[in-house]
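Undergrad: The lines below spell out each chain.
Protein chains: 2
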Amino acid sequence: MPEPVGFSRRARWAGGEPIANLLMARTLAQPELISLAAGFVDYETLPVGPTRQGLDAIFSDPDRARAALQYGTTIGYLPLREAILERMLHADGQTAREANVSVKQVVLTAGSNQLLHLVGDALLDPGDVVLCGAPSYFVFLGTLANLGARSVGVEIDEHGVIPEALEEELARLEAAGELGRVKAIYVTTYYDNPSGVTVPAERRGALVEIARRWSRHGKIYLIEDAAYRELRYYGDDVPSLRSVEGEADVVIHAGTFSKSFSPGIRVGWGILPPELIEPVLAQKGNIDFGSPNVNQHLMAAVLQMGLYDEHLERLRDGYRAKIDATLGAADEFLAGIDGVHWVRPEGGLYVWLQLPDSIDTGLCGPLFDRAVEEGVLYVPGEYCYPGDGRLTKKNMLRLSFGIQSCESIHRGVEALARAVGQVL
Amino acid sequence: MPEPVGFSRRARWAGGEPIANLLMARTLAQPELISLAAGFVDYETLPVGPTRQGLDAIFSDPDRARAALQYGTTIGYLPLREAILERMLHADGQTAREANVSVKQVVLTAGSNQLLHLVGDALLDPGDVVLCGAPSYFVFLGTLANLGARSVGVEIDEHGVIPEALEEELARLEAAGELGRVKAIYVTTYYDNPSGVTVPAERRGALVEIARRWSRHGKIYLIEDAAYRELRYYGDDVPSLRSVEGEADVVIHAGTFSKSFSPGIRVGWGILPPELIEPVLAQKGNIDFGSPNVNQHLMAAVLQMGLYDEHLERLRDGYRAKIDATLGAADEFLAGIDGVHWVRPEGGLYVWLQLPDSIDTGLCGPLFDRAVEEGVLYVPGEYCYPGDGRLTKKNMLRLSFGIQSCESIHRGVEALARAVGQVL
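Chains as they are written, first to last, in this note's numbering: chain X, 1 to 424; chain E, 1 to 424.
Bear in mind the hints are in silico, worked out from the structure with no lab data behind them. Values in this document were obtained by computation on a predicted structure and should not be read as measured data. All C-beta atoms in this analysis are idealised placements derived from N, C-alpha and C, irrespective of residue type, glycine included. Watch out, some of these pointers could steer you wrong.
Computed from the model, here is a short list of chain E residues facing chain X with C-beta under 7 Å [as the list claims (entries may be wrong)]: (1) 9; (2) 11; (3) 95; (4) 262; (5) 275; (6) 288.
Under 10 Å between C-beta atoms, here's a sample of chain E residues computed to sit facing chain X [unchecked claim]: (7) 8; (8) 126; (9) 139; (10) 297; (11) 423.
Please take these sequences and the hints and turn them into a complete structure.
TA: Next up, the structure:
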């Protein structure tokens, strides 16, 4: 008989692979299914040409190539960190001084996911609390569970987390003697995954003010997940949450090139309040000793050669057509069904769909299998709700339009509408 | 006044950046110093040509390039996992059936460090014990501290961890009622960092037998760190610890292309006992969602095109000259000093030097600053001892011959001998 294996608490809290992987596996196994679930990016616009040009620039110069093939530093390649900071300042219309930020605060990671995990690791003990919009990015919710932390939901509207609801939740936690356990508020500020909403400028200031005012028993950070900022197809850019905090130093800003360039290259970053730099780097040093150096040199070359901005224009054109296809198909096939609603995102990769209250979208509900039979896969909304579960809705689902063609999106939404019609 | 920041216990346990980073930073800041400390690999033999050929093969085929630029899976790219397994089986002279292993057990990570961290995360709660040779790889000792686990030292000789000493330590822990907290024994089986020793075949069997026999209160794993296996300059290869375990399923095998190909590409792997696959992947899914896909495709191409083996020959020739230079200089400058000893490694990147008992090699001891003044940097041996400290020796130091030229190695060892002479 095999000996019992003593897995760690964290291993038990991790609780199997994230739902994204489960759904991705399901997608890969059934290629005939139209997956509006997987968070993959568009295959056709992956930057083969720009990547090749960037690699050629590096590898045609042996010294430069060797520098890329050697170990880097834990914090990451300085020219790339400088370029990232410069881009953010430019987008926010600020100087480094106005933004109260320096390149020392910019840390490179394996996608923004790793940054989120490192920050969680550095801040959260088991039982600590992170306030999250209900719904929120489910991978981060899984990360919090893995750390033994509690994700507590806050109501959102079409502009993201509602400041008044956030205050109410903080007051409730304070009344329960738990304000000291609240370490952070997590907000995807641009084209939220899954809700698609963007936090408007005025609400950003309110969030910073709330975080500061409630930091009575210890600092409460605002984790700004800006993964989708550059995937803007309509409307204007909004200055980052980072840019409106002044000298508060409460915002942890996370960004990535995974969505806007290539997830296979997997370079993300964080812009950290000064006191977090050392603990996050210590944690990263223990985990992987620095992200792959060659990938960082590549992204630096791509940015410096102007290839990134060119690519971004093509990418936006491609996704603009896809979001139009998604919303157009929803108008065509779903608008007529009572109780079906959605917000029209101006960017990102997701449309968050509300179905009639009576429809449970979960894997065990009536819709999911019906939808698969009709030929479409979605992410059941219930996975996107914080762990405390108080605000979980069973009648929501997430549609991703990243990987499918406009034609497939159209057929997929049509299939979904058929399934909904059958269940009603 | 700023609010107090509540860092996590893990952040406090991380305790600053690893010593490697501190020393690396010191190295970078003083280029005139001959660093025999940094674990960087040889700059001249970094595989510029092979990498470029591998990248060309991928990026000249748009479909293949797009597959590399898209998200991969958490476990990693199947053709690379297959190639890694095949190489190991070939080196061990076994079939997959004889080795009781399948490709499902092969997981790709960001260097072998990440694998070690993931395994630690999946197995270790605060207070759990990992038995480690005294000395051991200091980055892994830092990882254990970061997890709140205890590293307990076991005496080594010129063949690595001494089985009898391991038994004694296990008996001591059992007597203290702590056998149930022992989760693993960590062994660098080839050309250990820092000691340079290789565990001979017969001792490998003994280690497996001990791990099995002492798994009375729960499974005790053997973590086999094989990072340096392919950096063999003299003598014969030895079948892996993994290969001698039969159906025990106690060995966690860690490997990497960082030392044998490029640390900037940063692809490592683990071969895991079946029950560990799911928890390790769950943890990896939470941390980074899979290592960069393009790097995995690149390494698969490099292996498949035969470029890796060609490179390995060149690399071994280069390092053979360097280890000869190191040992030759030691013979020339250090052999005459009473109380100075070293083992002659047959591979790897390190020579572990014993100085007279009276010499403290630490940063605050008399030798370190004298050595820097003379123009050479080394790693003080005290950083390489497990956290319990019972076996820590103050008169040891590690020399790395990876980055320096033969001529610099010669001058560096000569400078060290001058410093030792002055201190005596």
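Undergrad: Confirm or reject each hint.
TA: Comparing the hints with the structure gives:
no.: 1; hint: 9; verdict: holds (6 Å)
no.: 2; hint: 11; verdict: holds (4 Å)
no.: 3; hint: 95; verdict: violated (23 Å)
no.: 4; hint: 262; verdict: holds (4 Å)
no.: 5; hint: 275; verdict: holds (6 Å)
no.: 6; hint: 288; verdict: holds (4 Å)
no.: 7; hint: 8; verdict: holds (5 Å)
no.: 8; hint: 126; verdict: holds (9 Å)
no.: 9; hint: 139; verdict: holds (7 Å)
no.: 10; hint: 297; verdict: holds (8 Å)
no.: 11; hint: 423; verdict: violated (31 Å)
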